[in-house]
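Enquirer: What follows is each chain in one-letter form.
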Amino acid sequence: MKYIEQEIVLKKMNVRNLINSLFKGIFLMAVVITLLALLILLYRIGSQGYTHLSMDFLTNFASRFPAQAGIKAALVGSLWLMAIVAPTSLILGVGSAIYLEEYAKKNKITDFIRVNISNLAGVPSIVFGLLGLTIFVRALSLGTSILAAGFTMSLLILPVIIVASQEAIRSVPGELRDASYGMGATKWQTILKIILPAAIPGILTGAILALSRAIGETAPLIVIGVPIIIQFLPSGVMDTFTALPMQIYDWSSRPQQEFQAVAAAGIIVLMAVLLFMNSIAVLIRNKYHKRY
Amino acid sequence: MGQSVQEMIAQSKGKKNKQFIEKIIPVILFLIASVSVLTTIGIVLTLVFETVTFFTRVPITDFLFGTTWMPFSNKEQLFGIWPLIAGTLKVTMIAIVVAVPIGISAAIYLSEYASETVRRIVKPVLEVLAGIPTIVYGFFALTFVTPLLQSFFPEIKIFNAISPGIVVGIMIIPMIASLSEDAMSSVPKSIRDGALAMGSTRFEVAWKIIVPAAISGIIASVVLAISRAIGETMIVSLAAGSTPRFDGDFTGSIQTMTAYIVQVSKGDAGYGTTIYYSIYAVGFTLFLFTMAMNLLAGYVSKRFREEY
Amino acid sequence: MTMNSSAITSDTVMEKELGNSKSVYKTNQLNLWYGSNHALKNIDLDIRENEVTAIIGPSGCGKSTYIKTLNRMVELVPSVKTSGEILYRGRNIFEKSYGVEELRTRVGMVFQKPNPFPKSIYDNVAYGPRIHGIKNKKILDEIVEKSLRGAAIWDEVKDRLNENAYSVSGGQQQRICIARALAIEPDVILMDEPTSALDPISTLKIEELVQELKKDYSIIIVTHNMQQAARISDKTAFFLNGEVVEYDKTDTIFSNPSDKRTEDYISGRFG
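Chains as they are written, first to last, in the working numbering: chain A, 1 to 292; chain B, 1001 to 1308; chain C, 2001 to 2271.
Only chain A is shown next, with the shape it has when bound in the complex:
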């Protein structure tokens, strides 16, 4: 007796193929929906915002009157913020990654640091805001300065930069290390002259992506009390300031319809900054694609 009747199998095959096609369609739909969501979002913001986009918008300060509202203070403020966040987070992130990849012994403390970093990555940004408010703004009396906000943001993106740097360092082939040690180089010489140069593209790519996150973050800034209406440019890191997402948040939450166009224009500026940064990351990635 045969257990498998070929005829029945064939008949069922048609149904099975039909199910396969059906689900393939469903799965494809999910991808299409995702792409559509992005397209609609970009289109909406573009069409809402382009009317308000002009040179004046970039060079004006914020205003009660939608027509005169500009983004100058926020744009400059975000650049100031980056001037603090970029070096701080890079030094802390790359330093931690070098320690973990090159020096850390396999022990409880190291395990703890690793687990801690991955958990830190999952802490909501608004909680970092509470940390910044308590430690930097109040305890260290930095006030709502660029420095306080910059430190807060640096800690927020620190886990991302550490993990990206760790991966970049790990991907440097062990043979290069061996070659350097074989020449009588010390550990630090090997790290500084061989490993870091080889890992720099990966580190920078990760760091730029992390910095773009910091540029777009709003919640921590609100919590540490960054103001919105600012009619001057900061002249130092201890000055108070405002940033792009803060300004956009303010415009978005105003009831007047006209401010929506202003907010959308602000978003276009923010997205342009992000696009610019991401293109640099892609450029770096392409220029230094794997050479060993």
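It should be emphasised that the hints constitute simulated quantities derived from the structure, not laboratory data. Some clues are possibly wrong.
Listed below are the simulated EDC-like cross-link pairs for lysine to aspartate or glutamate, each with C-alpha atoms no more than 20 Å apart in a straight line [as the list claims (entries may be wrong)]: (1) LYS1023/B x GLU2102/C; (2) LYS187/A x GLU1022/B; (3) LYS193/A x GLU167/A; (4) LYS72/A x ASP239/A; (5) LYS2113/C x GLU175/A; (6) LYS2119/C x ASP178/A; (7) LYS193/A x GLU2102/C; (8) LYS1023/B x GLU102/A; (9) LYS187/A x GLU2102/C; (10) LYS11/A x GLU1204/B; (11) LYS2137/C x GLU1007/B; (12) LYS2119/C x GLU175/A; (13) LYS1208/B x ASP1182/B; (14) LYS12/A x GLU1204/B; (15) LYS24/A x GLU1204/B; (16) LYS105/A x GLU1022/B; (17) LYS1018/B x GLU102/A; (18) LYS1302/B x ASP111/A; (19) LYS1018/B x GLU2102/C; (20) LYS1266/B x ASP239/A.
Guided by the hints, dock chains B and C onto chain A, whose structure is given.
Expert: Here is chains B and C on its own, set in the frame of chain A:
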């Protein structure tokens, strides 16, 4: 060259220096690496201390068991956390309903059906979606999704749980899709080939072999996405309103934990007031929720890791 | 631990056969463990100056481990333990006061896979002198040229010194790596299967180069290729399961081995 290289090396200065550097560098790097640990400690201590101060003014039982959140009341301030939790859960639930089917389906398509070309186009798009600042999503929810919903369901108010829920869902789709896709792609090709060679359809391979094999990674991605949704701030601050309520209504204004912190922060509740301390108590609750989710995700992916 | 009988025989042979040249490396009762894996057992070897010493044996016999012990690169593997002594020019390299960097400055190494740094050819060769404090550009130029000439690759790369070292062929990369090792004028050059990743023509070039280099350097080369050992070496040590089965003049090992296992290996019965 008058002398041999080895002689020059022997004469070169800085040997002492070198030894000192080799000793001091690991110490400096260790101190740098401990900043991340200090950050965690700082977060925990900050939340704990300020929350304790809060509980000296508001009994902890009121906070944990109260179902009315009325901090701005002139008569009697009430700090029962449940309305804020309810608001957070409403938004999170809708986000999950939107993001889980779409995210996992997209992951299956990318991992099991898509050609290399499609993958090369879609993956960067997911990255772009993941990189859009949440303030942009919030604006999108308020000015596009809500009016769109209202045109179909007039009973939906300008501030509601549904619109931000959907948009938070869109925001976490990339997370679920790419983490799940990673999990599915790491199932070895030989397993796939084995099933295909027995006459399975692509769908049967995906549904009966790949998804079960990658289930720990898929679940972990969903749990992490839930954590993200719980902690999401700007979308709900802009589009969900500021009405803490403990009920089952999704169509009207609500308030989430994060939105409350924002509301207080941008207002002028002075330092030292009970309201000021309440944001730490709420922040602590939020922190516990997300921490539990993160630990759960870590546990799931470790405990149920498949051996190939 | 019992003393291995064959080790004793080869030891006595050694005294008679190795000749009077000065010894560079003298290994006495070296044992090495990776965790609980006993990888090298009671090694005794006397390696002589200005000769090519080949180390042969099947995969996993410990030959690579041994050569990496000679410049203590083996210690980069965690959980390595050693006992016994290796005298380099009369001084025990395991001595506490003996800095590994100092040792490795005297002993150069060439690896299995060509591993130039992702830098220019010039920077690759100048790497060693630079880290050891030689900064003078004119001197560096001289060292680079001399080393590249020494590695018989100067004519092929002299017009492209500023190009990335990965832009040349695998065989050329390996000779650049040799030049890089020569740049600090080491006393000994350790070669760990330097031709295993190369095509036959590149292999031949490296073999010729080794013959050339032995005038100025002592060379220890690990190879899985017995013909190669026969072609280029003066002495050959046969390793098996972490022990030295036989160590003698290469001619003797290949024509008249005293141990049955050596004969089996050389005639291709295993390995």
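Enquirer: Next step is simple, just say for each hint if it's right about the structure.
Expert: Going down the list of hints, with the structure as the test:
1. A threshold of 20 Å between alpha carbons decides the hint, and for LYS1023/B with GLU2102/C the separation of about 17 Å falls inside it, so the pair holds.
2. For the given pair, LYS187/A sits about 7 Å from GLU1022/B by alpha-carbon distance, which is consistent with the 20 Å threshold.
3. Distance hint between LYS193/A and GLU167/A is fulfilled; the C-alpha atoms sit about 18 Å from each other, no more than 20 Å.
4. For the suggested pair LYS72/A and ASP239/A, the alpha carbons sit about 16 Å apart, so the restraint of at most 20 Å is met.
5. Of the pairs offered as hints, the one joining LYS2113/C and GLU175/A holds, with about 8 Å between alpha carbons and a cut-off of 20 Å not exceeded.
6. The straight-line distance between the Cα atoms of LYS2119/C and ASP178/A is roughly 16 Å, inside the 20 Å bound, and the hint therefore holds.
7. For the hint pairing LYS193/A with GLU2102/C, the CA-to-CA distance comes to about 19 Å; that is within 20 Å, so the pair holds.
8. For a cut-off of 20 Å, the pair hint linking LYS1023/B to GLU102/A stands: about 14 Å separates their Cα positions.
9. Taking the CA atoms of LYS187/A and GLU2102/C, the gap is about 13 Å. The hint holds against a cut of 20 Å.
10. Only pairs whose Cα atoms come within 20 Å are accepted, and LYS11/A paired with GLU1204/B is accepted, the gap being roughly 17 Å.
11. About 17 Å separates the Cα atoms of LYS2137/C and GLU1007/B, which keeps this hinted pair within 20 Å; it holds.
12. Annotation: proposed proximity of LYS2119/C to GLU175/A holds, straight-line Cα distance about 14 Å (limit 20 Å).
13. Restraint check for LYS1208/B and ASP1182/B: the C-alpha separation of about 18 Å stays at or below 20 Å, so the hint holds.
14. For the hint pairing LYS12/A with GLU1204/B, the CA-to-CA distance comes to about 13 Å; that is within 20 Å, so the pair holds.
15. Of the pairs offered as hints, the one joining LYS24/A and GLU1204/B holds, with about 11 Å between alpha carbons and a cut-off of 20 Å not exceeded.
16. Of the pairs offered as hints, the one joining LYS105/A and GLU1022/B holds, with about 16 Å between alpha carbons and a cut-off of 20 Å not exceeded.
17. For the hint pairing LYS1018/B with GLU102/A, the CA-to-CA distance comes to about 18 Å; that is within 20 Å, so the pair holds.
18. At roughly 15 Å between alpha-carbon atoms, LYS1302/B and ASP111/A fall within 20 Å of each other, so this suggested pair holds.
19. For the proposed pair LYS1018/B and GLU2102/C, the alpha carbon gap of about 12 Å is at most 20 Å, so the pair holds.
20. The hinted pair formed by LYS1266/B and ASP239/A meets the criterion: a straight-line CA distance of about 19 Å does not exceed 20 Å.
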